[in-house]
Amino acid sequence: GNSVTQMEGPVTLSEEAFLTINCTYTATGYPSLFWYVQYPGEGLQLLLKATKADDKGSNKGFEATYRKETTSFHLEKGSVQVSDSAVYFCALGAQGGSEKLVFGKGTKLTVNP
Amino acid sequence: NAGVMQNPRHLVRRRGQEARLRCSPMKGHSHVYWYRQLPEEGLKFMVYLQKENIIDESGMPKERFSAEFPKEGPSILRIQQVVRGDSAAYFCASSPPGSHSNIQYFGAGTRLSVL
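Protein sequence lines, in the order shown, are assigned to chains A and B.
In our numbering, each number is its position in the first sequence, counted from 1, plus 290.
In our numbering, each number is its position in the second sequence, counted from 1, plus 9.
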């Protein structure tokens, strides 16, 4: 079945540091890939997405590229801020839409001033 | 344009009681998904519903759990005879009809505590 493996946390960085959170997946066909962010006490917000190989999703300075050859969708940001402290989830949606999302376990990021 | 609305935000139940969690999808959305998040874990799919139909309930426990999405009104996730292991955050998501992009919009969740 489909699965997502995400870098274990927690991750602690200083402000303006470079961020990478690794995500790899197992799926048949061509799934859609997502990064969601969860701030403390809140629900999940869609951060970015990619629907086909070599697509790059980007939002709020975060980027991730859909790599079919390495089945990866790593999240990166060049310079993190304290306000980026949250839990980040990589997720996969089966080809064709209207299907359940499969989530990684989440990576907690803390950014210190 | 309101987002996905879930209530209550927090629910406390004693063992053996029933829990009812409500979810109103975004306007125009007819697909509803329920997920459960256990402490320190990612979200696990429970059930996918369209109006008056259960499409996929492969993630639902076989006993005590049920879900519905009636023609009128919110979707309800019902847990009968709750046990401590049911303590978790339950998230609802919705998507519009005919969507092929897998994008789901999440509510803020209901945090269930079983005493």
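Derived by calculation from the structure, the hints in this document are not laboratory data.
Be careful, since some hints might not be right.
Claimed, not checked - Which bits of chain B does chain A cover? Going by a derived footprint, with three or more residues having C-beta under 8 Å, they are:
| id | stretch |
| --- | --- |
| 1 | 52-58 |
| 2 | 111-120 |
As the list claims (entries may be wrong) - Below, computed lysine-lysine pairings styled on DSS-like, alpha-carbon distance capped at 25 Å:
| id | chain 1 | residue 1 | chain 2 | residue 2 |
| --- | --- | --- | --- | --- |
| 3 | A | 398 | B | 71 |
| 4 | A | 342 | A | 367 |
| 5 | B | 71 | A | 395 |
None of the values given here were measured: they were computed from a predicted structure.
All residues carry an ideal CB built from backbone N, CA and C; glycine is no exception.
Here's how the hints hold up against the structure:
{"no.": "1", "hint": "52-58", "in the structure": "holds (count 4)"}
{"no.": "2", "hint": "111-120", "in the structure": "holds (count 8)"}
{"no.": "3", "hint": "398/A <-> 71/B", "in the structure": "violated, 32 Å"}
{"no.": "4", "hint": "342/A <-> 367/A", "in the structure": "holds, 21 Å"}
{"no.": "5", "hint": "71/B <-> 395/A", "in the structure": "holds, 24 Å"}
Checked against the numbered hints above, the structure breaks only hint 3 and satisfies the rest.
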